[in-house]
Amino acid sequence: MGFLIVLGIVILLVIWVMSMYNGLVRLRNQVKNAWSQIDVQLKRRHDLIPNLVETAKGYMKHERETLESITKARTQAMQAQGVAESAKAEGQLSEALSKFMLVVENYPDLKASQNFLALQEELTTTENKVGFARQFYNDQVQQYNTRIESVPTNILANMFGFQQSEFFQIEVAGEREVPQVKF
Amino acid sequence: MWEIIRVNRRKSVSLIFILGSVLALLGIAIGYYFLPQDPANGIFWGIFIAMVLWIILLLTSFAGGEKILMATAGARELNQNDAPQLFNIVEEIKIASGLPVMPKIYLMDSHVPNAFAVGMKPERAAVAVTTGLMSKLNRNELQGVIAHEIGHITNRDTLFMTLAGVTLGAVVILADLFMRGLWFSGGRRKSSSKGGGIEVIVLAITIILAILAPILSQIIYFAASRKREYLADASAAQFTRFPEGLASALAKISDAQDKNFSKSRTLAPMFIVNPMHSWEGTSGLFSTHPPTAERIRILRGMTSSSSLKAYEQAYRKLYPAGLIPSATLKRSQEQGLVKPEEITEKMDPQKNLREAKDLLHKADGFGVIACACGVKLKIPPQFKYTNVRCPKCGRQHNVSVELLAASIAAGMGTNKNP
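Heads up: the protein sequence lines correspond to chains A and B, in order.
Counted from 1, the first sequence has number 157 at position 157 by the working numbering; the numbering is strictly sequential.
Basically the working numbering = 1-based index in the second sequence + 1000.
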């Protein structure tokens, strides 16, 4: 009888630990998925830029520097590895793009062109999507990290090597978002 | 987020239980009235018929999904090439809300700006907008409205609305059937019965139930949908980080409501602003939506953050009881918001309306011929003649199948109308 009770408790414990472990795996996968969302949007942005530069070139003869800085920022962003580095590079690209949009105001012909209008919508939506995907990713990271830190999951997380994920923070003046506040 | 869904689900279950009880009660009363000599049998058949009616309605709405509702509302499905901006906006909010798949997008032909969402589950959802909405709102306002609708989907309001709507529909149909049946069989039954007193009382109770049940069900149904509007507003602010977008959209939309837009009360809770009233100052028992002025005041009260917490704070200034479950608030992360003055957007309602109408024509299979004088001729798919004359300059145009196909491909996007 006593043996059966002990066995029952052991089985319950095993089930409990398993479900805790599975919960951690689920959260980690959610973080991964959210990151791939950001990745897709960043790629879209990178693909958009040659087109944008090409269209603007014909109208903006005297803005070689602005256009070159966008191309350079794009190359850097594409080469960036890891969350922190790519966040920094993408921040610079955002800055270059917003500078470009300010300059565009001086070229009414460019602004009125059908091709540019379509590109501008694409750029707006891509910027929004990057921002929203980032927000969603950071929410997931927050959940995952909190779970890893809290008792009793932290023991399990240590045992099986679940590591904290990095937030994707872009700090650029005039960005659509203030940095995350933890509490 | 999850607490909101859980609380919503719990409320939905109890609400649908209440609505279902009203339906069963009505079935019992009707069964008892028609078979007074054998009450057990009468009650059984009454409930049985009520259940069958409910199941039939439920199955049709599950099988047809959004298609039946969209067809009822006269909406056409759009594809991505036709409305790139609308698709972009929906995709942005899909990303912000973490919705698993892209909802389908429908367009309704109406100058009244409005929008609604349907969908039993987030994987199978659809949003519909009117041409009026597309013409009157700028990009950020449209984004706010779409975010509100997708908020309904992620909060599982659309599922609840479908279930509640089905039950309400069954009550209304059953009550209606009974009143008609009474009209035709009433005289015969009265003469054949002997136990006068009880008979009359049962009849009276049944009639009162048949009259009250639909009204009662509607009050319950509508009361539940008002809170969900606030919650969807909170979600929209959280998704877009720009509460002013939805606020100014709501102001524009409710200014432009028209009593003739939709006569269907059952569809009313699905829309972003109640189509049954124009500017609602008060919120009565029968309102599906809270007063728009209050919704706007709450959204504009969010001055430093766009999180669920910030919405709750603004909401409590009007209603101290609060709205959002505290567990959700505890986990709600602070997030900044975009101030209205940071955004300047120019828009041309005339041009927007023309583009929205073009979309509608295209969804209906219209061909477009661009005349040299700048006029675009829209050719309906059932057009019989091979030639068409431009109404402005009188040029003759050849209407061939190839030309129609080519003009469909080329005609969109290049808007040269004066």
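It is worth saying that the hints were derived from the structure and are not from the lab.
A hint or two may mislead.
[What the hints assert, rightly or not] Beyond 10 Å from chain B on every Cβ pair, some chain A residues (computed):
hint, residue
1, Met-18
2, Ala-34
3, Met-60
4, Ser-86
5, Met-101
6, Glu-121
7, Gln-169
[Said to hold, decoys possible] Simulated pairs of lysine-lysine, DSBU-like, Cα-Cα distance not exceeding 35 Å:
hint, chain 1, residue 1, chain 2, residue 2
8, B, Lys-1376, B, Lys-1067
9, B, Lys-1357, A, Lys-32
10, A, Lys-111, A, Lys-61
11, B, Lys-1121, B, Lys-1330
12, A, Lys-32, A, Lys-72
13, B, Lys-1339, A, Lys-111
14, B, Lys-1376, A, Lys-57
15, A, Lys-72, B, Lys-1252
16, B, Lys-1339, A, Lys-57
17, A, Lys-99, B, Lys-1252
18, A, Lys-99, A, Lys-32
19, A, Lys-43, B, Lys-1339
20, B, Lys-1339, B, Lys-1351
Fair warning: this is a prediction, and the values are worked out from it, not measured in the lab.
Ideal Cβ positions, reconstructed from N, Cα and C, are used throughout, including at glycine.
These are the hints, each one checked on the structure:
no.	hint	in the structure
1	Met-18	22 Å, holds
2	Ala-34	8 Å, violated
3	Met-60	21 Å, holds
4	Ser-86	18 Å, holds
5	Met-101	12 Å, holds
6	Glu-121	6 Å, violated
7	Gln-169	13 Å, holds
8	B/Lys-1376 / B/Lys-1067	32 Å, holds
9	B/Lys-1357 / A/Lys-32	42 Å, violated
10	A/Lys-111 / A/Lys-61	15 Å, holds
11	B/Lys-1121 / B/Lys-1330	26 Å, holds
12	A/Lys-32 / A/Lys-72	28 Å, holds
13	B/Lys-1339 / A/Lys-111	25 Å, holds
14	B/Lys-1376 / A/Lys-57	32 Å, holds
15	A/Lys-72 / B/Lys-1252	43 Å, violated
16	B/Lys-1339 / A/Lys-57	33 Å, holds
17	A/Lys-99 / B/Lys-1252	33 Å, holds
18	A/Lys-99 / A/Lys-32	32 Å, holds
19	A/Lys-43 / B/Lys-1339	29 Å, holds
20	B/Lys-1339 / B/Lys-1351	27 Å, holds
Going through the hint list in order, the structure does not satisfy hints 2, 6, 9 and 15.
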